[in-house]
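Number of protein chains: 2
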Amino acid sequence: MPTIKLEDVAKLAGVSKTTVSRVLNHRGYLSQATIDKVNSAINELGYHPNIVARQLLKTKTNLIGILLPTISDPFFGELASLLEKKLYKKGYKVIIGNSTNDPDKEIDYLNQLLSKQVDGLIVGTHNQNIPEYKQKNLPIVAIDRIVNEDIPIIESDNYDGGKLATERLIENGAKRIIHTNVSQRESPMQKRRLGYEAVMELNDLESKTYIIDFDIPTTKKLNLLNQIFVENPNIDAIFAGNDTDAAYAMQVAQKRGISIPKDLLIIGYDGTELMRNVLPQLTTIVQPLDEMTELAVDLLESRMNGRDTRHEYIYPITIWEGSTDKRTN
Amino acid sequence: MPTIKLEDVAKLAGVSKTTVSRVLNHRGYLSQATIDKVNSAINELGYHPNIVARQLLKTKTNLIGILLPTISDPFFGELASLLEKKLYKKGYKVIIGNSTNDPDKEIDYLNQLLSKQVDGLIVGTHNQNIPEYKQKNLPIVAIDRIVNEDIPIIESDNYDGGKLATERLIENGAKRIIHTNVSQRESPMQKRRLGYEAVMELNDLESKTYIIDFDIPTTKKLNLLNQIFVENPNIDAIFAGNDTDAAYAMQVAQKRGISIPKDLLIIGYDGTELMRNVLPQLTTIVQPLDEMTELAVDLLESRMNGRDTRHEYIYPITIWEGSTDKRTN
Numbered sequence: 098m099p100t101i102k103l104e105d106v107a108k109l110a111g112v113s114k115t116t117v118s119r120v121l122n123h124r125g126y127l128s129q130a131t132i133d134k135v136n137s138a139i140n141e142l143g144y145h146p147n148i149v150a151r152q153l154l155k156t157k158t159n160l161i162g163i164l165l166p167t168i169s170d171p172f173f174g175e176l177a178s179l180l181e182k183k184l185y186k187k188g189y190k191v192i193i194g195n196s197t198n199d200p201d202k203e204i205d206y207l208n209q210l211l212s213k214q215v216d217g218l219i220v221g222t223h224n225q226n227i228p229e230y231k232q233k234n235l236p237i238v239a240i241d242r243i244v245n246e247d248i249p250i251i252e253s254d255n256y257d258g259g260k261l262a263t264e265r266l267i268e269n270g271a272k273r274i275i276h277t278n279v280s281q282r283e284s285p286m287q288k289r290r291l292g293y294e295a296v297m298e299l300n301d302l303e304s305k306t307y308i309i310d311f312d313i314p315t316t317k318k319l320n321l322l323n324q325i326f327v328e329n330p331n332i333d334a335i336f337a338g339n340d341t342d343a344a345y346a347m348q349v350a351q352k353r354g355i356s357i358p359k360d361l362l363i364i365g366y367d368g369t370e371l372m373r374n375v376l377p378q379l380t381t382i383v384q385p386l387d388e389m390t391e392l393a394v395d396l397l398e399s400r401m402n403g404r405d406t407r408h409e410y411i412y413p414i415t416i417w418e419g420s421t422d423k424r425t426n
Numbered sequence: 098m099p100t101i102k103l104e105d106v107a108k109l110a111g112v113s114k115t116t117v118s119r120v121l122n123h124r125g126y127l128s129q130a131t132i133d134k135v136n137s138a139i140n141e142l143g144y145h146p147n148i149v150a151r152q153l154l155k156t157k158t159n160l161i162g163i164l165l166p167t168i169s170d171p172f173f174g175e176l177a178s179l180l181e182k183k184l185y186k187k188g189y190k191v192i193i194g195n196s197t198n199d200p201d202k203e204i205d206y207l208n209q210l211l212s213k214q215v216d217g218l219i220v221g222t223h224n225q226n227i228p229e230y231k232q233k234n235l236p237i238v239a240i241d242r243i244v245n246e247d248i249p250i251i252e253s254d255n256y257d258g259g260k261l262a263t264e265r266l267i268e269n270g271a272k273r274i275i276h277t278n279v280s281q282r283e284s285p286m287q288k289r290r291l292g293y294e295a296v297m298e299l300n301d302l303e304s305k306t307y308i309i310d311f312d313i314p315t316t317k318k319l320n321l322l323n324q325i326f327v328e329n330p331n332i333d334a335i336f337a338g339n340d341t342d343a344a345y346a347m348q349v350a351q352k353r354g355i356s357i358p359k360d361l362l363i364i365g366y367d368g369t370e371l372m373r374n375v376l377p378q379l380t381t382i383v384q385p386l387d388e389m390t391e392l393a394v395d396l397l398e399s400r401m402n403g404r405d406t407r408h409e410y411i412y413p414i415t416i417w418e419g420s421t422d423k424r425t426n
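Protein chains in written order, with our numbering: chain R, 98 to 426; chain F, 98 to 426.
Note that these hints are calculated values from the structure, not bench results. Predicted, not measured: the structure shown is a model, and the values here were computed from it. Where hints are given, some of them may not hold.
Heads up, the list lumps identical chains together, so a pair's fine if it works in one copy or across two of them.
Said to hold, decoys possible - Distance condition first, Cα-Cα at most 25 Å in a straight line; then the derived DMTMM-like pairs of lysine to aspartate or glutamate:
1. 317 with 387
2. 288 with 391
3. 190 with 310
4. 186 with 205
5. 183 with 201
6. 157 with 205
7. 305 with 409
8. 182 with 201
9. 190 with 205
Chain R on its own, in the form it takes in the complex (with noise of 0.2 Å):
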């Protein structure tokens, strides 16, 4: 038997929600008459108040939050921005904060957004454990990022990304694939690095990852992909955790000689429509952000009106097929 649900009483009862909210929290003017219409249809299906009716009672403000570890990113600029989109057209408003990936930052800009009242928040951030998430009420859903189990996560296949990559590299010909990660252990973007060392153990090849945060100014990233060159002379391969990594490696790569794909190749993650359009001889795994987008959404809204959502929801990758990835005499 399904659940039922405040939605039906309202319909036997042949009222509003929120009129049904109300008699059941008793509050605001109400006629005897639609009291005792309400009660009866109750009754009569046996309904049992929740939550739910609770929030219906609080001020809807139509704000949705979304919290970012930097905006100046391609990918989190295209998440953003089509997340807005899709809200707005509902009726949204969307406040956008940047946690520049710093837990404190996050809390602070977590405590700003939650004293704004806003309806729900969607999360792209990687910092976990923090306590305020866990506020009852709030609705969350979090895009490529691990908040608590109650949450939502709506990802790429990031270890079928990472492996898929890596494969790719291997059959072109390298042996010597640096990756490049966030240090953000909760981070799904983790799942790319563990796909990358299962095929390269897979094939006896050396694992080797370093840690390119995303919002690092950008001179302290060209010099950490330089060093990789300088530590690993013989490299004959990146895969790069996103494609700004991918595209700022490739100018590091020609500016100390090296060609692209004749002596380097390189597959990036993302795959964002700035990216595929900028660079396209970039070969990078393609995350489906539109759909994506679209879900979460959904979910939010499955959230805010107290259904229950499954806890992992998890994209194919695809293939930008560019000529950075393959060997061409």
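Dock chain F against chain R, hints included.
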């Protein structure tokens, strides 16, 4: 004689500015001794309370709103990111709204930000004549847009940038130079066009500008860029109004078998860190974003403290020397 400020009264009375403000507004719990001290300092200095005293009483939210036409373009991503970092360092938090170049949406977001009681607003959107901007007491600073005569605007020397790019292309042999720009007539970006048109006319060359707005879908941008080549088979150069247009034009040209810079010269505008590192071969006019955002934060603080500012601040541009602007036979 310098104007006597509330700070001076506070200093002389040996109390905080808030206390002075409370005395002036007859609010809060104050001892008669304090009231007497403040009043005698006011008399001694000949202080005339002004708007500042009233503003200090307003509950500070330490929240700054940023309103942008898009966040998926690297220019606005970098702009928002720099502003956010600089503001956060000073103790503010930032919420970002994305207006998608849509006046209704801009009003919507503006009202949203106002209702969230932001202490100040930085706007980079392009829609003029929105009455909400005239709301008294809300400190606003504009970057690269004209809001109204009361609001200070920070911009790069767009006219000079347009001139420099066009002169460079002509020096390097181009004659049929197409420009891209946005449709908003009130955007300072139009000065890039005016600079281009002035130089073209001076050289007896025909100007032709194509409109490509920021927040249209990428496929539409690519179609518009393709149209440029269809309608102008003899085109020998493009001065793009921004780097995204320039980068996309390079890809469209290459797909049509047009070799850059052999058959076509290109110069862009913006010169973000991302683009300079992803596509260093693209010659582009660089806006000094770091300085511009630094000033935006300073100006906003001045306005929040009731101080006057100039109306317009124009930053000189520089050129990023790539290879797309000179024919290398």
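At 25 Å max between alpha carbons, let me know whether residue 157 reaches residue 205 within a copy, between copies, both or neither. both (23 Å within a copy, 16 Å between copies)
Pop the pair residue 190 and residue 310 into one bin, within, between, both or neither, using alpha-carbon distances up to 25 Å. between (30 Å within a copy, 22 Å between copies)
Alpha-carbon proximity context of residue 288 and residue 391, limit 25 Å: within (23 Å within a copy, 38 Å between copies)
Within, between, both or neither: residue 305, residue 409 at alpha-carbon 25 Å: Answer is neither; intra-copy 29 Å and inter-copy 52 Å both fail.
From the Cα coordinates, with 25 Å as the cut-off, is the pair residue 190 and residue 205 best called within, between, both, or neither? both (21 Å within a copy, 8 Å between copies)
For the identical chains here, do residue 186 and residue 205 meet the 25 Å Cα criterion within one copy, between copies, both, or neither? between (29 Å within a copy, 13 Å between copies)
25 Å Cα cut-off: does residue 182 pair with residue 201 within a copy, between copies, both or neither? Only across copies: residue 182 and residue 201 sit 14 Å apart there, 29 Å inside one copy, limit 25 Å.
Please work out whether the CA atoms of residue 317 and residue 387 approach to 25 Å or closer within one copy, between two copies, in both situations, or in neither? between (31 Å within a copy, 17 Å between copies)
Identical-chain pair category, residue 183 with residue 201, by Cα at 25 Å: Between copies only: 16 Å across, 29 Å inside.
Taken one by one, the earlier hints fail for this structure only at number 7.
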